[in-house]
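If you want the building blocks of each chain, they are given just below.
Protein chains: 2
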Amino acid sequence: MAKVKNISGFPEWLPSERRLEESLLSAISSQYQLHGFTPIETPSVELLTTLFGNGVEEKEIYAVNRAHAGEDDDASLGLHFDLTVPFARFIAQHHHALTFPFKRGSLQKVWRGDRPQRGRFREFYQCDIDIVARDTLPLSADAEVVEVIDKTFCAIGLPPHTVRINNRKILQGFYEGLGVSDDVCRRIIVEVDKLDKVGESGVRRCLSEVLALTDDVINEILVLARLEVPISECESALEKWRGKSALFDEGISELRDVCALLPDETKQRSILDGSLARGLFYYTGIIFEIRFPDYPEFGSLGGGGRYEGLTERFGARGFPCVGGSIGLTRLFSMILEHSLLPLPSSSPTKVLVTVMNEETRRHSMRAARELRSYGVATEVFFKSPKLGKQIEYAVAKGIRYVLFLNEEGSTCDIKDLSKEEQKSIPDLKVWVSETFV
Amino acid sequence: MAKVKNISGFPEWLPSERRLEESLLSAISSQYQLHGFTPIETPSVELLTTLFGNGVEEKEIYAVNRAHAGEDDDASLGLHFDLTVPFARFIAQHHHALTFPFKRGSLQKVWRGDRPQRGRFREFYQCDIDIVARDTLPLSADAEVVEVIDKTFCAIGLPPHTVRINNRKILQGFYEGLGVSDDVCRRIIVEVDKLDKVGESGVRRCLSEVLALTDDVINEILVLARLEVPISECESALEKWRGKSALFDEGISELRDVCALLPDETKQRSILDGSLARGLFYYTGIIFEIRFPDYPEFGSLGGGGRYEGLTERFGARGFPCVGGSIGLTRLFSMILEHSLLPLPSSSPTKVLVTVMNEETRRHSMRAARELRSYGVATEVFFKSPKLGKQIEYAVAKGIRYVLFLNEEGSTCDIKDLSKEEQKSIPDLKVWVSETFV
Numbered sequence: 004m005a006k007v008k009n010i011s012g013f014p015e016w017l018p019s020e021r022r023l024e025e026s027l028l029s030a031i032s033s034q035y036q037l038h039g040f041t042p043i044e045t046p047s048v049e050l051l052t053t054l055f056g057n058g059v060e061e062k063e064i065y066a067v068n069r070a071h072a073g074e075d076d077d078a079s080l081g082l083h084f085d086l087t088v089p090f091a092r093f094i095a096q097h098h099h100a101l102t103f104p105f106k107r108g109s110l111q112k113v114w115r116g117d118r119p120q121r122g123r124f125r126e127f128y129q130c131d132i133d134i135v136a137r138d139t140l141p142l143s144a145d146a147e148v149v150e151v152i153d154k155t156f157c158a159i160g161l162p163p164h165t166v167r168i169n170n171r172k173i174l175q176g177f178y179e180g181l182g183v184s185d186d187v188c189r190r191i192i193v194e195v196d197k198l199d200k201v202g203e204s205g206v207r208r209c210l211s212e213v214l215a216l217t218d219d220v221i222n223e224i225l226v227l228a229r230l231e232v233p234i235s236e237c238e239s240a241l242e243k244w245r246g247k248s249a250l251f252d253e254g255i256s257e258l259r260d261v262c263a264l265l266p267d268e269t270k271q272r273s274i275l276d277g278s279l280a281r282g283l284f285y286y287t288g289i290i291f292e293i294r295f296p297d298y299p300e301f302g303s304l305g306g307g308g309r310y311e312g313l314t315e316r317f318g319a320r321g322f323p324c325v326g327g328s329i330g331l332t333r334l335f336s337m338i339l340e341h342s343l344l345p346l347p348s349s350s351p352t353k354v355l356v357t358v359m360n361e362e363t364r365r366h367s368m369r370a371a372r373e374l375r376s377y378g379v380a381t382e383v384f385f386k387s388p389k390l391g392k393q394i395e396y397a398v399a400k401g402i403r404y405v406l407f408l409n410e411e412g413s414t415c416d417i418k419d420l421s422k423e424e425q426k427s428i429p430d431l432k433v434w435v436s437e438t439f440v
Numbered sequence: 004m005a006k007v008k009n010i011s012g013f014p015e016w017l018p019s020e021r022r023l024e025e026s027l028l029s030a031i032s033s034q035y036q037l038h039g040f041t042p043i044e045t046p047s048v049e050l051l052t053t054l055f056g057n058g059v060e061e062k063e064i065y066a067v068n069r070a071h072a073g074e075d076d077d078a079s080l081g082l083h084f085d086l087t088v089p090f091a092r093f094i095a096q097h098h099h100a101l102t103f104p105f106k107r108g109s110l111q112k113v114w115r116g117d118r119p120q121r122g123r124f125r126e127f128y129q130c131d132i133d134i135v136a137r138d139t140l141p142l143s144a145d146a147e148v149v150e151v152i153d154k155t156f157c158a159i160g161l162p163p164h165t166v167r168i169n170n171r172k173i174l175q176g177f178y179e180g181l182g183v184s185d186d187v188c189r190r191i192i193v194e195v196d197k198l199d200k201v202g203e204s205g206v207r208r209c210l211s212e213v214l215a216l217t218d219d220v221i222n223e224i225l226v227l228a229r230l231e232v233p234i235s236e237c238e239s240a241l242e243k244w245r246g247k248s249a250l251f252d253e254g255i256s257e258l259r260d261v262c263a264l265l266p267d268e269t270k271q272r273s274i275l276d277g278s279l280a281r282g283l284f285y286y287t288g289i290i291f292e293i294r295f296p297d298y299p300e301f302g303s304l305g306g307g308g309r310y311e312g313l314t315e316r317f318g319a320r321g322f323p324c325v326g327g328s329i330g331l332t333r334l335f336s337m338i339l340e341h342s343l344l345p346l347p348s349s350s351p352t353k354v355l356v357t358v359m360n361e362e363t364r365r366h367s368m369r370a371a372r373e374l375r376s377y378g379v380a381t382e383v384f385f386k387s388p389k390l391g392k393q394i395e396y397a398v399a400k401g402i403r404y405v406l407f408l409n410e411e412g413s414t415c416d417i418k419d420l421s422k423e424e425q426k427s428i429p430d431l432k433v434w435v436s437e438t439f440v
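Those protein sequence lines, which keep their order, are chains A and B. This note's numbering numbers the first residue of the first sequence as 4 and each following residue consecutively. This note's numbering numbers the first residue of the second sequence as 4 and each following residue consecutively.
Bound-form chain A, shown alone:
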């Protein structure tokens, strides 16, 4: 007998939960398409050479091999760990067949051999949008990505969130202004990104012990990291450092321009967060994250930013990109854990048609087909026990309406289980039009 158990980190939801997850995927996909993002899908599998060297630890990547095969070809494949690297490969491979700017929206599973822990999964959904252009991509695209991710969180109907925004050019330019080398700048970014997890003392220790920075430099770095103002005040808050470096000043004006293009609602939720760095190596400009102020323990459940050089790894120069992503599975596990959204019924069925006996099943089936032709999800009970048993089934599955036919199939009654109310229905079509609008 084969063993049956949960595999740690590979979530499996029960029917009501899964229906809620599907409604979230559908809400996200609708928002992405409403903004003109084309649903692209890349294979789950890439060459390992495509996956390696992108800032994700190689030991977190799942390789894929045929169980009993010696084929060399297969030995070089792995499951994608995000949707951004495959997208860069897709652009490099297919750019001749695409119209630019190209806007893609992808909702796919990805796999990461992370240590499983609460809210961390090894198989999970990412929901990404990206805009890629030829040669130049104006900041209107960055603003658009922030707006779409923000609107999508609103469309899901969650507690209030904030959009935390920063710019890699601000960080890099600020550190440069402190006289730090390019390489060390990048390493400071990675350390500052951990502020949330290790606290100021942890970051201070690392900057001092590993990167050998002086206390003065570290103090300055932490002053910037502590900066947190409404995005509308970003320019004035950064003013005192203007001239720190050309890159820093460029960072300020980019922030200001993006801010000017955000809709008012998004702007009101947006904060300049000097500590926001985002760990991934490939960001080069505007970066952002979505957080829930009432639930700080959720961490970041979405975010993204500008990345300019990723397609070059695949031999294609001049394809600047900006993207955003929602970590759906993690978000969904938080929604379940904190009951942030009501669970739907366990079945999509709206009407159960009962069956008096097997001789009259054909009447029940005909009524069900009529209801489906009006778009109403309907099922016929599979046996014909006492009606009480059939109603019990509807109650257990959260099916709201139960239909009863007489022996000739000529008249019918409908019972609304939410009100314990039963009435005679002269015409199914009329009833549908009155009930499901």
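In short, the hints are calculated from the structure, not lab data. Zero decoy hints are in this set.
With a straight-line cut-off of 30 Å between C-alpha atoms, the simulated DSS-like cross-links for lysine-lysine are:
1. Lys386/A x Lys432/A
2. Lys386/B x Lys154/A
3. Lys112/B x Lys8/A
4. Lys6/A x Lys62/B
5. Lys154/B x Lys386/A
6. Lys270/A x Lys353/B
7. Lys154/B x Lys353/A
8. Lys112/A x Lys353/B
9. Lys432/B x Lys154/A
10. Lys112/A x Lys6/B
11. Lys422/B x Lys353/B
12. Lys112/A x Lys112/B
13. Lys154/A x Lys353/B
14. Lys392/B x Lys154/A
15. Lys154/B x Lys432/A
16. Lys62/A x Lys62/B
17. Lys8/B x Lys62/A
18. Lys62/A x Lys112/B
19. Lys112/A x Lys62/B
20. Lys270/B x Lys386/A
21. Lys6/B x Lys62/A
22. Lys418/B x Lys386/B
23. Lys154/A x Lys418/B
24. Lys62/B x Lys8/A
25. Lys6/A x Lys112/B
26. Lys270/B x Lys353/A
27. Lys200/B x Lys154/B
28. Lys386/B x Lys270/A
29. Lys389/A x Lys426/A
30. Lys112/B x Lys353/A
31. Lys197/A x Lys243/A
32. Lys432/A x Lys270/B
33. Lys112/A x Lys8/A
34. Lys8/B x Lys112/A
35. Lys154/B x Lys392/A
36. Lys154/B x Lys418/A
37. Lys270/A x Lys432/B
The following label-pair restraints were derived from C-beta to C-beta distances:
38. Asp260/B x Ala399/A: 26 to 32 Å
39. His98/B x Phe55/A: 40 to 46 Å
40. Lys389/A x Arg208/B: 52 to 58 Å
From the three backbone atoms N, C-alpha and C, an ideal C-beta is built for every residue, glycine too.
Given the structure of chain A, go ahead and fit chain B onto it with the hints provided.
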């Protein structure tokens, strides 16, 4: 520089193709839910012990391992090769939390290390429905599965298809009646299933040489295999063999009962096919396949049947199932190859809002937000070059409507690119209600 190439057997579609694939997935999902099938999803990964020993060659199964890890736990995982085996495992694991009969509909990718060839993929979508009950599952469920798969093919809008139906009990009972042992019966089923590929002489050779059957027995087997009559005539066509064995007779009455429950349209497309065997070991009763008579080279693109014992492998007795499946990726590759459905535009965008200059971009964005609030997929051009350039972009992406605003954003014109017609729009909401109903 990382290599960029197609990985044989792992399809990747361009935007228009992918949008068509997504519309098919959505049509299938809608049909499944309209009939009350709950969208379940199992992880892509199972224990290898769950996957092995189910009639699929082990060398076709992909194992999954962390690229640089020594963890023993990971070494025992593999990608699922179908959705039926994981479903049986799901039932065995979660039956206490489910209401029976449980009806699931799953649209997921599966992986099989098959030799890649035209129309055969290593990563592909399967779209499955299954009904599982406690202890007994009446034939109403078999008829329902056939009806839903048939209706789903109709909903996609493809050329006419036929539903080929048979019953494992007919085959097994017939062979038993010829005095053949149980084990040999099963092997005959596998050989007869190859009739399509190897022809009568191929099957004859194998039955004689490998299974050592006499010419008389082989002739009888082939007479049954040649049987092909409208399903409404199934009983009379099989009448001459009635009494061959108790199992055979049971097979006839099951066919008759299922046939009686099919809607007329489905019945008219349905054929009793004495050669239909379906290779998989787990079927125990009614089996069926969808074929396209005008395109015999497509082979079977959907099918299924009754399977009674699969959950027992996972320690759960008494969960009879019946299921059906659509091989979407193969179907989709045939649709593309034969241009059976028109390709949609490469973008979901319905309206492109042009931008006169960067100072007036905010007017364009406001108009776009208004259109989106009415549910119309809208994008704003990302730069502000001459309007001709912006119209070219809309043409290239198949965006039908282009909106122009004056400098103050107070008036707008809309151009319908399908008619080369331009008119002034006093009110966006009115225009939307007249245009997108």
